[in-house]
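Asker: Spelled out, the chains give:
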Amino acid sequence: MKAKVSGFGIFYLSLFFVVLYLPVLSVVLYSFNASSSTAQWTGWTLDWYRQLFSDRVIAQAFRVSIQVAVLTALLSAVLGTFTAVISLWVTNRTKKAIQGMMILPLIVPEVALGVSLLFFFNALRLPFGILTLVLSHSLFCVPYVYIMVRLRLQEIDVSIIESALDLGASRRQMVRTIILPLVAPSIVTAALLCLAMSLDDVIISTYMSGPRSTTLPVHIFSMMRVGVTPKVNALCSLILMGTFLIIGFSQLITKKRRFS
Amino acid sequence: MKTWKRNLLAVPILVWIGLLVGIPMVLVVALSFLSRDHLGNIVYQFTLDNYRRVLDPIYLRVFLNSLLLALLTGLITLLVGYPVAYITSNLPPRRRALALGLIMLPFWISSLLRTYGWMILLGNAGLINNVLLALKIIDKPLPMMYKFSTSLVGTAYMLMPFMIVAVFNSVDKLDRSLLEASYDLGASKWKTFFHITVPLTLPGIAGGFTLVFIPALGLYFVSDLLGGGNTVFLGNLIHTMATRGRNRPLAAAFSMGMIALVLMVLSLYMKASKDKTGEGLFQ
Amino acid sequence: MNRRSAVLLVAVVLVLAAAGAAGAKEGEITLMTWGGDFIPREIIQEFEQETGIRVHYKEAPSNEDMQSLLEANPDQYDLLVVTDYMVDILRQNGVLEVLDKTKMPNYANINPVYLGNYYDPTSEYSIPYAISISLLLVNHEEVEKLGAKPITTYSDLWQPELRGKVVVVDWSVEIMGVALKSLGYEYNETDPAKVAEARDRLFALKPNIVRFETNTPEDSLINGEAVAGFMYSNQAVKGNAADPKLQPVFPTEGMPIFIDSWVMSKEAPNKDGAYKFLDFIMRPEIAARIADITKFTTPNKAAEPFLPDYYRDNPMLNLADEVVENTSFYIGVDKVLVEYEHIYVEFKLR
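Protein chains in written order, with the numbering used here: chain A, 1 to 260; chain B, 1 to 283; chain C, 1 to 350.
Here chain A stands alone, though its shape is the one from the complex (with noise of 0.2 Å):
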C-alpha cells in the first residue's frame, strides 16, 4: 500500500513544478517579443509563428528530429531492457563486462563519438540520415535504460527465478509473467529521458545527419553565428502546448475509463 502524501508534499511539489517552468515559461513569453534579442522587450507580435509556419526547413528539421527521438526511445529501450534482464543469469564476468560497457557511452567524448562513427558509418556505406542518427544516438541512451531497468531489478530474489524455473516455467515465461512487469515503470520513465536526450543532442547529431538532413537543435546551434530568432522560441512554445493537450487528453480518457 502507499503511503498518503501530506499537504506539505503537495506544496513542495507545486512549488517545484513552478520553478520548473519559470525558464520555459520565458521562453514562451519571448516568442511573442516585438525584438529578435531577448535583451530587450519592444511589444506583443506574433510575427514569429507567421514566419514559423513559411519555414520549410524548421519544419523539416523538426519532423527529423521528433522521428528520431520517437525511434531511439524504442530501440533503447528494447536494447537497454535486454540488457538489464539477460544480466541476471550471466556469469559474474560477463556482468561486470556489461556494466564497464555500460559506463563507457557516458565517459567517451561526444566529438570523438561523432567523428569516428562518422567514418565507421562511411565504410559501412550506411546512408546517413534518421538510421545513423537513431543508432548513434542510441549507444549513449542505451546505459539510462540499463540503469533504471537494473535499478528494479536489483533487489529481485534470485530464489523466485529459480523457483519458477524448477516449477517448470521457461524463462520466456519468467520474463513476461514476472520482470517486465515489474521493470515496466523504468522502461516508459527511461524511455521519456531517452526522448530528451536524443531532442537535445548536437555534436554526434552534426556529424550523424549526412549532406541531407538536419535535426532541430543542430538547425538552433549552427544559427547562433547569425543569431538565433524567436521563431526557435514559438516552435518550443507549439510543442509545449502540443504536449499538454496530448497529457491533458489522456487524463481524461483514463478518468473516464475508470468510471465508466
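Think of the hints as simulated: they come from the structure by calculation, not from any bench.
Here the structure is a predicted model, which means the values were calculated and not measured.
Some hints could be false.
Claimed, not checked - Simulated restraints, written as ranges between beta carbons of each label pair:
no.: 1; chain 1: A; residue 1: Ala59; chain 2: C; residue 2: Leu349; range: 37 to 47 Å
no.: 2; chain 1: B; residue 1: Glu180; chain 2: A; residue 2: Leu180; range: 24 to 34 Å
no.: 3; chain 1: C; residue 1: Tyr310; chain 2: B; residue 2: Ala134; range: 27 to 37 Å
no.: 4; chain 1: C; residue 1: Ala72; chain 2: A; residue 2: Phe244; range: 35 to 45 Å
no.: 5; chain 1: B; residue 1: Val11; chain 2: C; residue 2: Thr190; range: 49 to 59 Å
no.: 6; chain 1: A; residue 1: Ser250; chain 2: B; residue 2: Glu180; range: 26 to 36 Å
no.: 7; chain 1: A; residue 1: Ser6; chain 2: B; residue 2: Leu68; range: 28 to 38 Å
no.: 8; chain 1: C; residue 1: Glu285; chain 2: B; residue 2: Ala134; range: 47 to 57 Å
no.: 9; chain 1: B; residue 1: Lys189; chain 2: A; residue 2: Ser14; range: 15 to 25 Å
no.: 10; chain 1: B; residue 1: Lys271; chain 2: C; residue 2: Leu349; range: 26 to 36 Å
no.: 11; chain 1: A; residue 1: Phe249; chain 2: B; residue 2: Ala134; range: 33 to 43 Å
no.: 12; chain 1: C; residue 1: Gln92; chain 2: B; residue 2: Ala125; range: 40 to 50 Å
Glycine included, each C-beta is placed from N, C-alpha and C at the ideal position.
Given the structure of chain A, go ahead and fit chains B and C onto it with the hints provided.
Answerer: Below, chains B and C without anything else, positioned relative to chain A:
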C-alpha cells in the same frame, strides 16, 4: 541453460557497444599521446607534452573548479529531486503519471533555449528584478548573473530529471510493508525515512548521482552563458581546444583527465554505497 | 514483450529508418555552412526556380565541424563557406578545387581589395562572401555618466571608471590581441618579452569585464549591464539597430578582419551546378539582397548601387577604405595558441 549459452546472449550488446564506443575511446587514448602540425592535423609522433600541459597548476584549478561544480550539482539535484521523486511515487496512479509527464516535459525543449530562459529571468533587467522593483522590495537590481552560483543553478536544472527518474525507480519499488513495520514499532515518520527509506534507495541515489555527475563535468554552453565565461570549466576548455583551438590531441588529454576524475569519484562512491547495500550499481 | 517481438521491433525500426534515406540525384548541389539565414533561403529558392537545380543546405555549427565533415566525405559536398583561416587549412590539405573563373562572369564584381590575402595568395581557391571586423560598440552617454573619458581606443577600456561595465567576445586570441594592440604591438606576437607585457596588461583589464560572450555580446549593451563591448561587426549592427545610442568606435590601434569565403570541394559531385550557383549569388542585385538580409559587409563592388540606404549610411556595414586599411588578419594562430590559451585561463580565474 548452460552457462556459456547464457553468456552468449550478452555477446551482441557487448560487441555493439564495444565496437561503436570502445574504438572511439581507444582512439581518444591514442590521440592524447600524439602531436599536431601547424594546420591542426594530427601527426603520428609519440609525445607526453599534452599530459605535461594538462598537469599545469592553472589547469589543475580548472579540474578542481569542475569537480566542485559537478559535486555540488549532484548534491543539489539530490536534495531537491529526492523529495520530488518520493512524493511522486506516493501519488495515486493517474496523478503519478501526470506528475512524471510534467517533470519530463520541459526537457523536450532545446537546452539552449531553456538557458536563455534563465537569462531572461535572472538578468539585471530580467523578469525577477523587474517584479521585485515594481513591488518596491528592492530599489536597485539584484546582480544574479555571471557567477559560479548561476552556472550551478543552470547545470542542476538541466540535469534534474536524471536524478528524479533514478530515485523514483528506486523509491517506487520499495517494500512498503517495511515502512509499516517501522511505524508499528513506534518509529517516527522522519526516523523511518532516514533509517529505512534512504538506505534502501541508496542504489537509486548512486545511479542518479552517476547520471548527473558525469554530464555536469562536460556541459559547456550552460556555464558559458549563465556564468558569463567568468570561470573556466573542463567542458568549456575541452570544447575550445577541440574546435577553435584546433588542438585535438590536447583536447584528448584533457578528456582523459576528465575520465580519470569520473572514475575516481565513481569508484569512491560505489565503494561507499556497496558497503551499505551489499550491491552497488556497477559492482 | 518477448525476445522475438523485441528483435522484430528493432528490425522494423531499422528498416523504417533506412527507408528515409535517399541517394544522390542529378541536378542538385549540396552546400555546407552556418545555418539560419547565413545564405538566405529566399535567394536559394530563386536559384532553384530559375535553374531547376535543387539545393541542399547542410548546416554546421563551426568551421572545424565543416572541416571534419568535408574531409570525411569530400564527394558529398559541392560548396562551403568557411572563415579565412579555414580556407588556408583546407587549401593546404589539398581538398579544394581550383576555381574556373571563366565559368563565372560575375566574378568580375568582386572588389579586388578583398582578394589575394594570406589564406589564398593567388585567389585561386576561394571567393569572398561575407566580411566582418571586430570593433567597439559604446554607449557614450553612459560612459560619460560613469565619469570616464570618451572611448576611442582599446586603451580607454582600461579606465578604472568602467569597472564591471565591459563585455568582450570569448576567445583567447582576440582578447590577447586587444592587449597587444593597446601596447602598440601586432596580433599573435611570439616574442616572449612582449607576450609577458601583454599578459600583465591583460590581467589589469579583468575587473572591468562583466561578461565574456561570443554569440550575443550586444545584448549586454542593450540591457544596460555593459557600456562598452568588443564584438563582431554584425553583432554591433544589431546592437545599434536595437538602441541607436549604441555607437560604433573603430579603435585607432587597428582591428581584426574576417573574410568568410566560398570554396569548392575537389571531389564535388556537381561542379557545373556549383559554378552556376556561385555566379548567381555574385549578381549585383542578388549580392545586395544577401548583404541586406545577413548584415555582413559585401565584397561585391557592383552591388553598391543596389544596397538599401540604411546599409550605405552605416559605417559598420559600408566599411570606409581607411577602416579596411587599418585591419589585419589573425595569422599564425597555431604558433601562439597554446601559450595564449594558458594566459587566458589564468586571466579568467583571477
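Asker: A separate judgement is required for each hint: does it hold in the structure or not?
Answerer: Here's how the hints hold up against the structure:
1. A:Ala59 x C:Leu349: 37 to 47 Å: holds, 44 Å
2. B:Glu180 x A:Leu180: 24 to 34 Å: Holds - the Cβ-Cβ distance for glutamate 180 (chain B) and leucine 180 (chain A), about 27 Å, lies within 24 to 34 Å.
3. C:Tyr310 x B:Ala134: 27 to 37 Å: holds, 36 Å
4. C:Ala72 x A:Phe244: 35 to 45 Å: At 41 Å between Cβs, range holds.
5. B:Val11 x C:Thr190: 49 to 59 Å: The hint (49 to 59 Å, Cβ to Cβ) holds, given that valine 11 (chain B) and threonine 190 (chain C) are roughly 55 Å apart.
6. A:Ser250 x B:Glu180: 26 to 36 Å: holds, 32 Å
7. A:Ser6 x B:Leu68: 28 to 38 Å: The hint (28 to 38 Å, Cβ to Cβ) holds, given that serine 6 (chain A) and leucine 68 (chain B) are roughly 35 Å apart.
8. C:Glu285 x B:Ala134: 47 to 57 Å: holds, 50 Å
9. B:Lys189 x A:Ser14: 15 to 25 Å: holds, 21 Å
10. B:Lys271 x C:Leu349: 26 to 36 Å: holds, 32 Å
11. A:Phe249 x B:Ala134: 33 to 43 Å: Distance hint for phenylalanine 249 (chain A), alanine 134 (chain B) holds at roughly 38 Å.
12. C:Gln92 x B:Ala125: 40 to 50 Å: holds, 47 Å
Checked against the numbered hints given earlier, this structure breaks none of them.
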